[in-house]
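The lines below spell out each chain.
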Amino acid sequence: MKLKSLRFGELELPDDRVIHFPDGLPGFRSLDWVLLHQEDMPVVSWLQAVDEPDVALMTIDPVDLGLADYRPVPPEEAMAILEVKDPQALSVRIIIRRADDEEHLRLNLFAPLFFDVKRRVGLQVPLIGSDYPVSALWPPELEDPDPAEHDEA
Amino acid sequence: MLSLARRQGERIRIGEDIVLVVREIRGKHVKLGIEAPSHIRVLREEIYQELRDANQAAARHEGLPKALTRLDKAKP
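Chains A and B, in that order, give the protein sequences. Taking this note's numbering, the leading residue of the first sequence gets 12, the next gets one more, and so forth. Taking this note's numbering, the leading residue of the second sequence gets 620, the next gets one more, and so forth.
Treat the hints loosely; a few may be bogus.
[Stated by the list, open to error] Within a straight-line C-alpha distance of at most 25 Å, the following computed SDA-like cross-link-like pairs (lysine to any residue) qualify:
{"id": "1", "chain 1": "A", "residue 1": "96", "chain 2": "A", "residue 2": "84"}
{"id": "2", "chain 1": "B", "residue 1": "647", "chain 2": "A", "residue 2": "140"}
{"id": "3", "chain 1": "B", "residue 1": "685", "chain 2": "A", "residue 2": "57"}
{"id": "4", "chain 1": "B", "residue 1": "685", "chain 2": "A", "residue 2": "49"}
{"id": "5", "chain 1": "A", "residue 1": "96", "chain 2": "B", "residue 2": "653"}
[What the hints assert, rightly or not] A few chain B residues that face chain A, going by a derived Cβ cut-off under 10 Å, partial list only:
{"id": "6", "residue": "669"}
{"id": "7", "residue": "674"}
{"id": "8", "residue": "679"}
[Unchecked claim] Only some residues are given here: those of chain B computed to face chain A with a beta carbon under 8 Å:
{"id": "9", "residue": "624"}
{"id": "10", "residue": "657"}
{"id": "11", "residue": "671"}
{"id": "12", "residue": "677"}
I should point out that these hints are in silico values taken from the structure, not numbers from a laboratory. Ideal Cβ positions, reconstructed from N, Cα and C, are used throughout, including at glycine.
Chain B on its own, in the form it takes in the complex:
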């Protein structure tokens, strides 16, 4: 992994279109600004992992829940 040391206010450019800005450093927290084209999805890693885990859990459950059967019967 590439590691770059940056001070507050300094930037990192990724490719042509993506810029990371170190906006604020306070204790153990750093606030980053991200400039990227609107079609690039930017997510906190925890959120990405939560989505991935939920999707993979859904793919493992192949069986139909019984509650669904009742739902279909209730429909006209």
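Chain A on its own, in the form it takes in the complex:
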């Protein structure tokens, strides 16, 4: 398949690289996405929308950020949507972005991405009832100067 990406240019990828999000991602049209590695920074992968060249979200495995206590469990509805029986079959990534200070990270811990890597399906799952923030500052030892930072601008 051919793919256009603002960040990575025009790419030719095997069809089986596509990850289908049956529910899409809130805010975007695309149901099909691919994970593209950031070359100079292997822990980071960009979730690139197949149909929207300008839409790519930075993602990371929370383990690589040292978040040992962060172990989101997919709720039953999520398992049903992904048609998965064993939660162990799912891998987790979180969406991250650059904080306004350009130095630090903002992590969406509230709505992680669950992937069934084998079957190439994914879902963003809000952890309703959890205290996880949608925009947590990282590294966590920092004092958050602007907990409400949400980049409305």
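Starting from the structure of chain A, add chain B where the hints point.
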């Protein structure tokens, strides 16, 4: 937008599989029950908007944060 008046205990059916039940009305609050197939995602609108706004903010920030560079160097 379609508007339907319903009393407590009454239902609305959407398509074949989705039923809304007015479970309780108290002052300005209404409690709704929702029966839907498990693959249908049901979210409070505020939560949906929060997800959407956070995702769109993430898509706007194309640059790599400096803190990540340090992370990679720290890894073996």
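Each hint, compared with the structure:
Among the hinted pairs, residue 96 of chain A with residue 84 of chain A is consistent with the structure: their alpha-carbon atoms are about 13 Å apart, no more than 25 Å. A distance of roughly 23 Å separates the Cα atoms of residue 647 of chain B and residue 140 of chain A; the hinted pair therefore holds under the 25 Å criterion. Proposed proximity of residue 685 of chain B and residue 57 of chain A is supported: the alpha carbons are some 17 Å apart, at most 25 Å. The hinted pair formed by residue 685 of chain B and residue 49 of chain A meets the criterion: a straight-line CA distance of about 14 Å does not exceed 25 Å.
A distance of roughly 24 Å separates the Cα atoms of residue 96 of chain A and residue 653 of chain B; the hinted pair therefore holds under the 25 Å criterion. Against a cut-off of 10 Å between C-beta atoms, the interface hint on residue 669 of chain B holds, since the closest Cβ of chain A lies about 6 Å away. Here the hint on residue 674 of chain B is kept, as its CB sits about 4 Å from the closest CB of chain A, short of 10 Å. The beta carbon of residue 679 of chain B comes within 7 Å of a beta carbon in chain A, closer than 10 Å, and the hint placing it at the interface holds.
The beta carbon of residue 624 of chain B is not positioned within 8 Å of any beta carbon in chain A (closest approach about 30 Å), and the interface hint is therefore violated. Below 8 Å, beta-carbon pairs count as interface contacts, and residue 657 of chain B has one with chain A at about 4 Å; its hint therefore holds. The criterion of a C-beta within 8 Å of any C-beta in chain A is met by residue 671 of chain B, whose closest approach is roughly 4 Å, and the hint holds. Annotation: residue 677 of chain B was flagged as interfacial toward chain A, and the flag holds, the nearest CB pair being 4 Å apart, inside 8 Å.
In summary, the structure is inconsistent with hint 9 from the numbered list given earlier, while agreeing with all the others.
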